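Top to bottom, those sequences are chains A and B.
Okay, so the first sequence: first residue is 1 according to this note's numbering, each after it adds one.
Okay, so the second sequence: first residue is 1 according to this note's numbering, each after it adds one.
Keep in mind that the hints were calculated from the coordinates and are not lab data.
Accuracy of the hints is not assured; some may be wrong.
[Claimed, not checked] Partial selection, computed: residues in chain A whose CB lies under 10 Å from chain B: (1) L64; (2) P90; (3) G94; (4) A116; (5) A187; (6) G207; (7) G213; (8) P250; (9) T263; (10) G271; (11) I277; (12) G278; (13) T281; (14) L293; (15) K304; (16) K305.
[As the list claims (entries may be wrong)] Listing some non-contacts, in silico: residues in chain A with all C-beta distances to chain B over 12 Å: (17) K67; (18) G107; (19) K121; (20) T133; (21) A139; (22) G176; (23) P217; (24) Q228; (25) T247; (26) T249; (27) G273; (28) G275; (29) A285.
On a predicted model such as this, the values are computed, not experimentally measured, just so you know.
The beta-carbon is built from N, C-alpha and C at its ideal position, and this holds for glycine as well.
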Amino acid sequence: MTRTGISVKRFTAWRRRPWAGYAVVLAALAAIGVIYAGFSPRADRAEAANATQAAADLKNGQQLFNKNCASCHGLNAEGTKDAKGHAIAPSLLGVGAAAVDFQVSTGRMPAMNPGAQIPRKRPITDFDTTIKTDYEDPAKRRAAEEQKARAEKNLADLRNYITSLSAQPGPGVPAGSEVDPSKGNVALGGKLFRTNCAQCHNFTGQGGALTGGKYAPELAKSDVTPTQIYEAMLTGPQAMPVFNDTTLTPQDKQAIIAYLVQTREEPNPGGSGLGRIGPVTEGLAGWLVGIGLLVLAAMWITAKKPKKLKKS
Amino acid sequence: MSEATAPKAVEGPLNFLDDRLGSTGFLNRNLKKVFPDHWSFMLGEIALYSFIILLLTGTFLTLWFKPSMMEVVYDGSYTKLNGVKMSEAYASTLHITFDVRGGLLMRQIHHWAAILFMASILAHMLRVFFTGAYRKPRELNWLIGITMFVLGMLEGLFGYSLPDDLLSGTGLRITQGVLESIPVVGTYGYMFLFGGEFPGQDIVPRLFTLHILLIPGLILGLVTAHMMIMWHQKHTAMPVKNQTEEQVYGYPFYPVFMAKTGAYFLFTFGVLALLGTFAQINPIWLFGPYDPGAISAGSQPDWYMGVLEGALRIMPNWEITAWGHTLSLNVLIPALVPLGIIFTGAALWPFIEAWVTGDKRPHHVNDRPRNAPVRTGVGMAAVTFYGLLWVAGANDVVADKFHVSLYATTWFFRVTFFVGPVIAYIITKRVCLGLQRKDAETVAHGVESGTILMSPDGKFSERHEPMRDEQRAVLLSKENARPEAPAVDANGIPAPSTKGPVGHLRSRLQRAWTFDDIPVEEHEHGHDEVEGGRKPEQIEH
Ligand code: HEM
Chain A
1 MTRTGISVKR
11 FTAWRRRPWA
21 GYAVVLAALA
31 AIGVIYAGFS
41 PRADRAEAAN
51 ATQAAADLKN
61 GQQLFNKNCA
71 SCHGLNAEGT
81 KDAKGHAIAP
91 SLLGVGAAAV
101 DFQVSTGRMP
111 AMNPGAQIPR
121 KRPITDFDTT
131 IKTDYEDPAK
141 RRAAEEQKAR
151 AEKNLADLRN
161 YITSLSAQPG
171 PGVPAGSEVD
181 PSKGNVALGG
191 KLFRTNCAQC
201 HNFTGQGGAL
211 TGGKYAPELA
221 KSDVTPTQIY
231 EAMLTGPQAM
241 PVFNDTTLTP
251 QDKQAIIAYL
261 VQTREEPNPG
271 GSGLGRIGPV
281 TEGLAGWLVG
291 IGLLVLAAMW
301 ITAKKPKKLK
311 KS
Chain B
1 MSEATAPKAV
11 EGPLNFLDDR
21 LGSTGFLNRN
31 LKKVFPDHWS
41 FMLGEIALYS
51 FIILLLTGTF
61 LTLWFKPSMM
71 EVVYDGSYTK
81 LNGVKMSEAY
91 ASTLHITFDV
101 RGGLLMRQIH
111 HWAAILFMAS
121 ILAHMLRVFF
131 TGAYRKPREL
141 NWLIGITMFV
151 LGMLEGLFGY
161 SLPDDLLSGT
171 GLRITQGVLE
181 SIPVVGTYGY
191 MFLFGGEFPG
201 QDIVPRLFTL
211 HILLIPGLIL
221 GLVTAHMMIM
231 WHQKHTAMPV
241 KNQTEEQVYG
251 YPFYPVFMAK
261 TGAYFLFTFG
271 VLALLGTFAQ
281 INPIWLFGPY
291 DPGAISAGSQ
301 PDWYMGVLEG
311 ALRIMPNWEI
321 TAWGHTLSLN
331 VLIPALVPLG
341 IIFTGAALWP
351 FIEAWVTGDK
361 RPHHVNDRPR
371 NAPVRTGVGM
381 AAVTFYGLLW
391 VAGANDVVAD
401 KFHVSLYATT
411 WFFRVTFFVG
421 PVIAYIITKR
431 VCLGLQRKDA
441 ETVAHGVESG
451 TILMSPDGKF
461 SERHEPMRDE
471 QRAVLLSKEN
481 ARPEAPAVDA
491 NGIPAPSTKG
501 PVGHLRSRLQ
511 RAWTFDDIPV
521 EEHEHGHDEV
531 EGGRKPEQIE
541 H
């Protein structure tokens, strides 16, 4: 076939990098998991926690909320309306920890300038849990790790504060084992993804345009974490529908995560994937590369004059 | 040039054949057939060679492909789909891809060859159109070419549908919708093709027969006819020195053109092999098996069907309900009208042009596009029309990648669909006339030499030099507009061709064709006839 021994070796060496990235994500997840276990309101262990510490955390959450979110969502997270009565930002009472975690960890919240759709971006420093920590220099590394732990704690405090404002807890953040891609049924996930998600996100999760200037974002990038995928289904951000546990059971959700993660990590056996968006880039490549090269070849061939016949 | 003898290596076998078949006269004549040299004349060859590669790779694929809609449960090398129910067609395509040695490469070369086949036909047709090479006596080959393009579209659509993946199933569903929208016979038509309700069990085996037998057979027949007619009529040529209407100037088929075209086959094969190796195409394993309940964003057909897709996407949702029947104009119009305009227009064009210009002479030397501004303008209008619909077929990708609203793209294409071709026509015609003017200038005053002269009274001027012969031959190839046929003949009787409404229309069109023509003529120096007696090389006509 198209592969030789050399290129296989090079392939594996090359693949190691995204894998390494993935391992980092997993490690981060594990860390987040530990912290969830300590702070999640669903966990009974919260009772065991030191009461004063809990109060301090809640205070921290409140301060973060007042500083970053209250301007739009209101001081009591009740939502705000403009002079004409149109909502500026919705109420957050009862949205649940999963919604807060999704919105803030994907950088969507705090929102910046309102457009057709609030885009994913790098989270603000207070909540940025994606910072790099693998520095050579131990001091630098320690500083980065501390900052990351602080961001994780901030996020947890904020979640807890917002959930504490309402009697209904709303959907919580999924546990690490619930989103572990290696435990999902990939074949089922593929089927479910094609029937439920592909019409907006495309079959390989490349994203696509929706009406009204909105778009379904790309899911194939590794910065969309398994937890975020789960939370997106659970909370249905903006134009995306909610897939609650009756539409897609937790096993279904895990299967979808497994499918997405495996699909974005699998190499393209046929060469460059051309963006994996189907015939549009294929047609472009056919015209630009295929016809382009052959036209150059035609020019070259027809410009060649045979010596012997050139005499006249 | 019958004095030139073929080299020994050829002469030997020729003598052998001649002694038995008496055919050397034929071979000798044909081996020396003269072929003009211009890169754009190779475009058609890409199509020919991709077709050959399609036949070879396609035959390879038939050895493993199972044209069957029988449901099977996959259990193979692509573990991500293990345990999924799918048709045998899809499972066997996965098998070709992951388990047959070289299978994926063959599939990819087959598909890339299909893309290049259609692309080169289109490029070739454009070349023929813009140089006026379709004019008498070559109208038949023009019509054959259009037929092959249409057959190629069908062949590609059917081939694309064979693997029964999610994307091709979506394409079939659209095909079914289009068939069904045809008034009166639509439902019967679709039931006939699909052998029952969509998708049914019969469609893939039927498409398979059409794809590997009927349509390739028809195309092969037409290719043969196309080549034989071309051989018989001889190639047209671009206007160059020594080329006249009476004789073709170029290189003999043997050995020069044969070496070139042989090398070009290898180039085509090389490019296809490169694409097949390094660029993944139609990764059906990512699309998953066809499932009527599923659909993906960015579902597009191959590029040659993009025009239809674009037309479907920008068409407003019109339907007429009368006598209990619904006429789905929203499907019928986009399916028939744009391609109908393009193909009917293209097929009739040579005859319309001859009728309008009254030019019934045979032509062997091509026009430079600028020298036929109306034709070039109409051609560019058609290219714009086609191109806009084509891009409209990918409007969701455009909206997504360039961050514009989907709705805005739809309206953009709805408006430019009507306005774009007109603007393209006007701009193209202006550009052509501008180029004609420049040519006329050059012919009248020579080319700028870059040498600046200072006259004794201090004025600067640039010296103009006469053109080189090669350039002169090219510029003077322009045939200046012929005067309109007089409306009345010598006896004051209106010429028959100008009578009646049709005659009036013809006169007006002819005026439109010629009125702003800019003569390109030499005034000062007469024709310095050269080449007296010396015959240009390699002549055959
Ligand atoms: C003008 C000629 C042809 C065109 C444009 C064409 C086009 C195509 C296309 C676009 C596909 C889908 C390939 C894919 O899965 O990515 C296909 C599949 C196929 N073609 Fe052709 N084809 C042509 C001639 C032939 C011939 C002559 C044969 C057989 C003798 C053939 C046999 C097949 C088979 C068996 C498949 C299905 C297998 C597969 O998809 O992997 N084709 N064709």
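A quick look at each hint next to the structure:
no. : hint : result
1   : L64  : violated (31 Å)
2   : P90  : violated (23 Å)
3   : G94  : violated (32 Å)
4   : A116 : holds (7 Å)
5   : A187 : holds (5 Å)
6   : G207 : holds (6 Å)
7   : G213 : holds (4 Å)
8   : P250 : violated (20 Å)
9   : T263 : holds (7 Å)
10  : G271 : holds (4 Å)
11  : I277 : holds (5 Å)
12  : G278 : holds (5 Å)
13  : T281 : holds (8 Å)
14  : L293 : holds (5 Å)
15  : K304 : holds (7 Å)
16  : K305 : holds (8 Å)
17  : K67  : holds (31 Å)
18  : G107 : holds (18 Å)
19  : K121 : holds (14 Å)
20  : T133 : holds (32 Å)
21  : A139 : holds (42 Å)
22  : G176 : holds (23 Å)
23  : P217 : violated (10 Å)
24  : Q228 : holds (20 Å)
25  : T247 : holds (14 Å)
26  : T249 : holds (18 Å)
27  : G273 : violated (5 Å)
28  : G275 : violated (9 Å)
29  : A285 : violated (6 Å)
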